[in-house]
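Colleague: Since the structure of chain A is already known, use the hints to place chain B on it.
So the protein lines, in turn, are chains A and B. The letter at position 3 of the first sequence is residue 3 when you use the working numbering, and the numbering goes up by one with no holes. Just remember that the working numbering sits 246 ahead of the position in the second sequence, which is counted from 1.
Note that these hints are calculated values from the structure, not bench results. Do not rely on the hints blindly, as some may be mistaken.
Pairwise CB distance ranges (calculated) [said to hold, decoys possible]:
#1 B:432 with A:109: 19 to 29 Å
#2 A:14 with B:352: 26 to 36 Å
#3 B:414 with A:52: 32 to 42 Å
#4 A:233 with B:381: 55 to 65 Å
#5 B:421 with A:86: 48 to 58 Å
#6 A:130 with B:432: 40 to 50 Å
#7 A:187 with B:266: 47 to 57 Å
#8 A:86 with B:295: 25 to 35 Å
#9 B:503 with A:175: 46 to 56 Å
#10 B:378 with A:112: 58 to 68 Å
#11 A:202 with B:432: 51 to 61 Å
#12 B:459 with A:229: 54 to 64 Å
#13 B:521 with A:122: 30 to 40 Å
#14 A:74 with B:366: 23 to 33 Å
Simulated crosslink set (BS3-like; lysine-lysine; CA at most 27 Å straight-line) [stated by the list, open to error]:
#15 A:163 with A:47
#16 A:163 with A:129
#17 A:142 with B:469
#18 A:47 with B:469
#19 A:47 with A:65
#20 A:65 with A:225
All values reported here derive from a predicted model rather than from experimental measurement. Backbone N, C-alpha and C define an ideal beta-carbon position, used for all residues, glycine too.
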Amino acid sequence: MAVLELANISKHFGAIHAVNDVSFAIEPGEVVGLMGDNGAGKSTLVKMIAGNFRPSHGYMRLDGKELILHRPVEAREHGIEIVHQDLALCNNLTAAANVFLGRELRRGVGPLRILDYASMYRRAGEIFKELKSETRPRDLVKQMSGGQRQAVAIARTRLSDAKIVLMDEPTAAISVRQVAEVLNLIRNLRDQGIAVVLISHRMPDVFTVADRVIVMRRGRKVADKRIAASSPEEVTGLITGAIEQV
Amino acid sequence: MATTTLDQTIEHRQRSSLAAFLGSQTFWVLVAVILACIFLSFATDSFATTKNLYNITRNVTFVAIIALGMTLVIITGGIDLSVGSVLCLSSMVLGVTMHAGYGIEVGIAASIATALVIGAFNGVLIAYLGFPPFVVTLGMLSIGRSLAMVASNNTVVFEFGPDHNLLLQLGGGATFGIANPVLYMIVLALITGFVLRWTRFGRYVYAIGGNEHAATLTGVPVKPIKVAVYMISALSAGIAGIIQTGWLGAITTNIGAGLELQVIAAAVIGGANLAGGIGTAFGALIGAALIEIIRNSLGLLGINAFWQGAFIGGAIILAVLFERVRNFRQSE
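Pulled out of the complex, with its shape left as it was, chain A reads as follows (with noise of 0.2 Å):
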């Protein structure tokens, strides 16, 4: 069954369609790579996902059950987890408080509840260890690669029971070997049977490591092919208006 499915989607400003009637499921475990030219209307149909807009139309369902979200916050609940462009990091943090931030363990009784630092250090090491990223609990995250902020980054996704993670341009902005390093990361989300979703404008990397390719162009879905049954060339036609709709 799908994990995640989206029926006839449609999210107007006004008179603009930002997005128009979008279908696609995606299963458990699934590498979905969503592209597109700027404005096709991928972070408007992810921002849907995640809680920040309410779709026009259409609906959305997440394993068979309808999905309703008002705030970010609700998103995360039902195991929608982001990975922003930005990383949303703290740089005067440790890597274990970034995992933790707004989700601290804490030990103690009422109102006297002091923060767990041991059990977070021991968690974010343990998460640290299932994604193979060389990252240390205890570093600083201002003195780490970009490489290991993704690793930071993608750990929170872990604290929960995530299904789906949502990644927007992970590897728009760090280095050829910190990229190999991001799509291992992918892969052993995708190894733990969570579905991701992978935003990027890099067609190499879409290409290694997807599924499945979805390409949007002015708000409509032009095409959603294997990967194995599509080339770059095809999909650069596609996102270009070179080739219509497959």
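Modeller: Frame of chain A; chain B shown alone:
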């Protein structure tokens, strides 16, 4: 290193917390304070006397207590210029209330409430209406002192009604040979240090200063916490005002004038970063101590008091220069 496993890498601690402390600005300012004390003990006969040490420790407290609150504000990336005026207004509310015949409990409650209301006003304008902290608290600097003049009709208050002696004992007395204000300072510093290190509130204060946008995205209640830190800052000024009133035994409408700059200097010398995200309670005390020792030593060494500003200003620049040099080395 080539043979280390992933486990070892993750478990590895790059530097211990002791090493981190030894490399911090706070540590080096502490070293400076200790060296200055040793030097002054030998260079003058009057420094290492019980009376002088008693005076120094008590004089430190007023700036130090407010610097604790200011450090929280600075960690969030803000600034509070109104603390000197809040100290004056809180003292005046205390004085006027007690002078009118109310007991010390009522006076202190009214004084603390005044401080909290002002802090909340600052905080709401900054957090919810998006005012720059500099502007709001600059405005409050002016408003606070003006209200103190209105409340007292610009007179000196020196009679505090039925609990007069109790108030003087509270601020001017001593327990086990240590001035009462010093004890209050130690307790408040311990509380502040605990809150910053061990509570979720403290963690969020650092997170807001590090990356406010990230804090918002991860669900940190940024706005309420910002209001809270400005309330804490005003509260610390209010508490310092009450203690200082008890010590001085009189309130004029110009007490605390220019105090905000000394307080900010203490926080910054102690390692708080005005860009936000960095600062400690211990640092605030050390910074305040260094300023007081400079002031005290100039007098004892017979140096013209007009040099005070130059030395304190030099200390601010030196302390931050040290931090800059360390950053240059790291980034190379």
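Colleague: Does each hint hold? Answer for all of them.
Modeller: Verification of the supplied hints:
1. Checking the proposed 19 to 29 Å range against residue 432 (chain B) and residue 109 (chain A) shows it holds: the Cβ atoms sit about 27 Å from each other.
2. The supplied range of 26 to 36 Å is broken by residue 14 (chain A) and residue 352 (chain B), whose beta-carbon atoms lie about 58 Å from each other.
3. Taking the beta carbon of each, residue 414 (chain B) and residue 52 (chain A) are about 59 Å apart, not inside 32 to 42 Å as hinted.
4. Look at residue 233 (chain A) against residue 381 (chain B): about 56 Å separates their beta carbons, and that is inside 55 to 65 Å.
5. At roughly 53 Å, the beta-carbon separation of residue 421 (chain B) and residue 86 (chain A) lies within the given 48 to 58 Å, and the hint holds.
6. Checked against the hint of 40 to 50 Å, the C-beta distance between residue 130 (chain A) and residue 432 (chain B) comes to roughly 45 Å, which is consistent with it.
7. Taking 47 to 57 Å as the suggested C-beta distance range, the pair residue 187 (chain A) and residue 266 (chain B) does not conform, at roughly 35 Å.
8. Between residue 86 (chain A) and residue 295 (chain B) the beta carbons are some 58 Å apart, a value that contradicts the proposed interval 25 to 35 Å.
9. One distance hint, 46 to 56 Å for the beta-carbon pair residue 503 (chain B) and residue 175 (chain A), holds here, with the actual separation near 54 Å.
10. Distance hint check: the CB atoms of residue 378 (chain B) and residue 112 (chain A) are about 36 Å apart, inconsistent with the given range 58 to 68 Å.
11. Evaluation of the 51 to 61 Å hint for residue 202 (chain A) and residue 432 (chain B) yields a pass: the beta carbon distance comes to about 57 Å.
12. Take residue 459 (chain B) and residue 229 (chain A): their Cβ atoms lie about 40 Å apart, and the range 54 to 64 Å is violated.
13. Between residue 521 (chain B) and residue 122 (chain A) the C-beta distance comes to about 32 Å, which sits within the given range of 30 to 40 Å.
14. Taken as a hint, the range 23 to 33 Å holds for the pair residue 74 (chain A) and residue 366 (chain B), whose Cβ atoms sit roughly 30 Å apart.
15. Restraint check for residue 163 (chain A) and residue 47 (chain A): the C-alpha separation of about 17 Å stays at or below 27 Å, so the hint holds.
16. At roughly 20 Å between alpha-carbon atoms, residue 163 (chain A) and residue 129 (chain A) fall within 27 Å of each other, so this suggested pair holds.
17. Annotation: proposed proximity of residue 142 (chain A) to residue 469 (chain B) holds, straight-line Cα distance about 25 Å (limit 27 Å).
18. As the CA atoms of residue 47 (chain A) and residue 469 (chain B) are separated by approximately 23 Å, the hinted pair is consistent with the 27 Å bound.
19. A hinted pair counts as satisfied when its Cα atoms are at most 27 Å apart, and residue 47 (chain A) with residue 65 (chain A) qualifies at roughly 19 Å.
20. Between the alpha carbons of residue 65 (chain A) and residue 225 (chain A) the distance comes to roughly 25 Å, so the proposed pair stays at or under 27 Å and holds.
Comparing the model with each earlier hint shows violations of hints 2, 3, 7, 8, 10, 12; every other hint is respected.
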